[in-house]
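The listed protein sequences correspond, in order, to chains A and B. Read in order, the letters of the first sequence correspond to residues 1 to 167 in my numbering. Read in order, the letters of the second sequence correspond to residues 1 to 167 in my numbering.
Hints were generated in silico from the structure; no laboratory data involved. Check each hint, because a few of them may be wrong.
Remember, identical chains collapse to one label, so a pair may be satisfied in a single copy or spanning two.
Only pairs whose alpha carbons sit at most 35 Å apart, straight line, appear in this in silico DSBU-like list of lysine-lysine [what the hints assert, rightly or not]:
no.	residue 1	residue 2
1	K84	K49
2	K140	K71
3	K51	K67
4	K149	K119
5	K71	K91
6	K125	K91
2 protein chains.
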Amino acid sequence: MIQVYTGEGKGKTTAALGLAIRASGAGFSVYIGQFVKGRFYSELSAIKKIKNITLEQFGRSCFIRAKPEKKDIELACEGLNKAKEAIRNKKYRLIILDEINIALSLKLISLREVLNILKSAPKNKEIVLTGRCAPLEIIKIADLVSEIKERKHYYKKGIRGRRGIEF
Amino acid sequence: MIQVYTGEGKGKTTAALGLAIRASGAGFSVYIGQFVKGRFYSELSAIKKIKNITLEQFGRSCFIRAKPEKKDIELACEGLNKAKEAIRNKKYRLIILDEINIALSLKLISLREVLNILKSAPKNKEIVLTGRCAPLEIIKIADLVSEIKERKHYYKKGIRGRRGIEF
Numbered sequence: 001m002i003q004v005y006t007g008e009g010k011g012k013t014t015a016a017l018g019l020a021i022r023a024s025g026a027g028f029s030v031y032i033g034q035f036v037k038g039r040f041y042s043e044l045s046a047i048k049k050i051k052n053i054t055l056e057q058f059g060r061s062c063f064i065r066a067k068p069e070k071k072d073i074e075l076a077c078e079g080l081n082k083a084k085e086a087i088r089n090k091k092y093r094l095i096i097l098d099e100i101n102i103a104l105s106l107k108l109i110s111l112r113e114v115l116n117i118l119k120s121a122p123k124n125k126e127i128v129l130t131g132r133c134a135p136l137e138i139i140k141i142a143d144l145v146s147e148i149k150e151r152k153h154y155y156k157k158g159i160r161g162r163r164g165i166e167f
Numbered sequence: 001m002i003q004v005y006t007g008e009g010k011g012k013t014t015a016a017l018g019l020a021i022r023a024s025g026a027g028f029s030v031y032i033g034q035f036v037k038g039r040f041y042s043e044l045s046a047i048k049k050i051k052n053i054t055l056e057q058f059g060r061s062c063f064i065r066a067k068p069e070k071k072d073i074e075l076a077c078e079g080l081n082k083a084k085e086a087i088r089n090k091k092y093r094l095i096i097l098d099e100i101n102i103a104l105s106l107k108l109i110s111l112r113e114v115l116n117i118l119k120s121a122p123k124n125k126e127i128v129l130t131g132r133c134a135p136l137e138i139i140k141i142a143d144l145v146s147e148i149k150e151r152k153h154y155y156k157k158g159i160r161g162r163r164g165i166e167f
């Protein structure tokens, strides 16, 4: 099954993390590949303590503000290769490709390649894609799409990201 | 801050669980009170292993299909009292009231009481409310509201809840 969490609202990565916890609680092994992310997030400390969850990051520690650099593309391509391996690896039941939609919209990786990977994935795998601006082609082949709408957000009141809550 | 995760789509409880993991990774203590839920969910096994997360359930093991029973009301009221205690308890930084919106829409607990609890909560607490049909009064006082829209769901293809993915 392919699940997509997209939209502008808060909750996409955390929904995927929650799924990882649930799956690990059921005894499944989980692979999380984070695209476009290379900095420390508080969840990493907690996730590292959970035996059957593997998490890898494929981004630089800063945000991509304007044009992506060569390094961004290299890291994202490495992430996609690792994703392919994880999907092929019998060990993993749940594979989370966090912020892969962002990597796609920045054209760091090829949409056609991602579609091929998803279409040829074994049917018993649960693959979760997160990030705003999920491409229509991904939505078409997905089995579940949750769009998280931002009805209200405190950043509009000037509140910035807080450790333990946003990162 | 008060955060609300509502809407029909999949991802509300998992988003809250992900927040719990993130907060616990930052060293914060987390209280999770689950309303209307009394059966086993896979996440319970994983959450139990994380030291600084406390999880309690205040529901029966079956779903409330028609009219709620006296036991449902008793359990939900107990949950609300525990929530009040957790919010007052200096130990907890994040308090998750999972499916409280459902308890409210079933009238198991009083909306006025919930609003009072939220309004009088210390400002340094992060309180997260989940469940579809969040009352407008809650949305009004919330600092963040994410509405999860169901754009596509595999249950429409006849696929039922699966262990480790839905429960």
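Now the hints, each set against the structure:
1. K84 / K49: Classified as both; 25 Å inside a copy, 30 Å across copies.
2. K140 / K71: within (30 Å within a copy, 44 Å between copies)
3. K51 / K67: The answer is neither: 37 Å in one copy and 42 Å across copies each exceed 35 Å.
4. K149 / K119: The answer is both: 28 Å in one copy and 25 Å across copies each meet 35 Å.
5. K71 / K91: The answer is within: 30 Å in one copy meets 35 Å, while 43 Å across copies does not.
6. K125 / K91: This pair counts as within: shortest intra-copy Cα distance 10 Å, inter-copy 39 Å.
Taken one by one, the earlier hints fail for this structure only at number 3.
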